[in-house]
Amino acid sequence: GQQVMQIPQYQHVQEGEDFTTYCNSSTTLSNIQWYKQRPGGHPVFLIQLVKSGEVKKQKRLTFQFGEAKKNSSLHITATQTTDVGTYFCAGPTGDSWGKLQFGAGTQVVVTP
Amino acid sequence: DAGITQSPRHKVTETGTPVTLRCHQTENHRYMYWYRQDPGHGLRLIHYSYGVKDTDKGEVSDGYSVSRSKTEDFLLTLESATSSQTSVYFCAISESSPEGLTNYGYTFGSGTRLTVV
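Just so you know, the sequences run in chain order A and B. In terms of the working numbering, the first sequence is residues 155 to 266. In terms of the working numbering, the second sequence is residues 28 to 144.
Just so you know, these hints were derived from the structure itself, not from any lab. Even for Gly, the Cβ is constructed at its ideal location relative to N, Cα and C. There's no promise every hint is true.
[To be verified] When the alpha-carbon atoms are kept at most 20 Å apart in a straight line, the in silico SDA-like pairs for lysine to any residue are as follows:
| no. | chain 1 | residue 1 | chain 2 | residue 2 |
| --- | --- | --- | --- | --- |
| 1 | B | Lys84 | A | Gln156 |
| 2 | A | Lys190 | B | Thr32 |
| 3 | A | Lys190 | B | Gly67 |
| 4 | B | Lys80 | B | Asn55 |
| 5 | B | Lys38 | A | His196 |
| 6 | A | Lys190 | B | Pro66 |
| 7 | A | Lys210 | B | Tyr131 |
| 8 | A | Lys190 | B | Arg140 |
| 9 | A | Lys190 | B | Gln64 |
[Said to hold, decoys possible] Label pairs and their calculated CB-CB ranges:
| no. | chain 1 | residue 1 | chain 2 | residue 2 | range |
| --- | --- | --- | --- | --- | --- |
| 10 | B | Asp83 | A | Thr181 | 16 to 22 Å |
| 11 | B | Ser110 | A | Gln156 | 25 to 31 Å |
| 12 | B | Glu122 | A | Lys205 | 18 to 24 Å |
| 13 | B | Gly90 | A | Ala222 | 35 to 41 Å |
| 14 | A | Gln234 | B | Thr40 | 38 to 44 Å |
| 15 | A | Thr265 | B | Ser94 | 45 to 51 Å |
| 16 | B | Val39 | A | Gly207 | 48 to 54 Å |
| 17 | B | Ser34 | A | Ser180 | 32 to 38 Å |
Hey, can you work out the whole structure from these sequences and the hints?
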């Protein structure tokens, strides 16, 4: 079945630095979604990418969908303590009625 | 998020007892999902529903059953709780299928932390 993999599993970042987390699917995706979960909280939808090569920005966050629609990345510039949390990517499984396959997430820890 | 609530928020139960978790939405969304979250495993789908009385199994459905008799309620039952079912359970709702190109993503409830002793 479809597999969605994220790397790295953990990311320690100094405040002010940039970092990137990656998401790879074993199959071509119709779209990809990103979620953020703060410690002790629930996942919150950030964005959906649909088109091949699509790039979207949300303030310091830049999301990219690969040309082959099998991978995606999230780049955060000038990391702040508010960026702490786990970032998940998710893609539709392609089954009828549809459901999302989530990656295992990248846990981000920010050091002041 | 407003529009989706889970109950209870915390529960401790004994091995072998049945447990029911409730998810209630006021958004009139068609799709509802139950996930469990465990360290190192991310979010794993237990069961989902694509309409009233229309449900199907996810990747980790053994030991769980669901019911959806009304649009707004999706119940998850652990038929005979085991220690391996100690987890955080999240309900999610979606207005459209994730295959949709104008999807607004899932909205998650605040979760239920279940401990089986």
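Against the structure shown, which of the earlier numbered hints fail to hold, in ascending order? none
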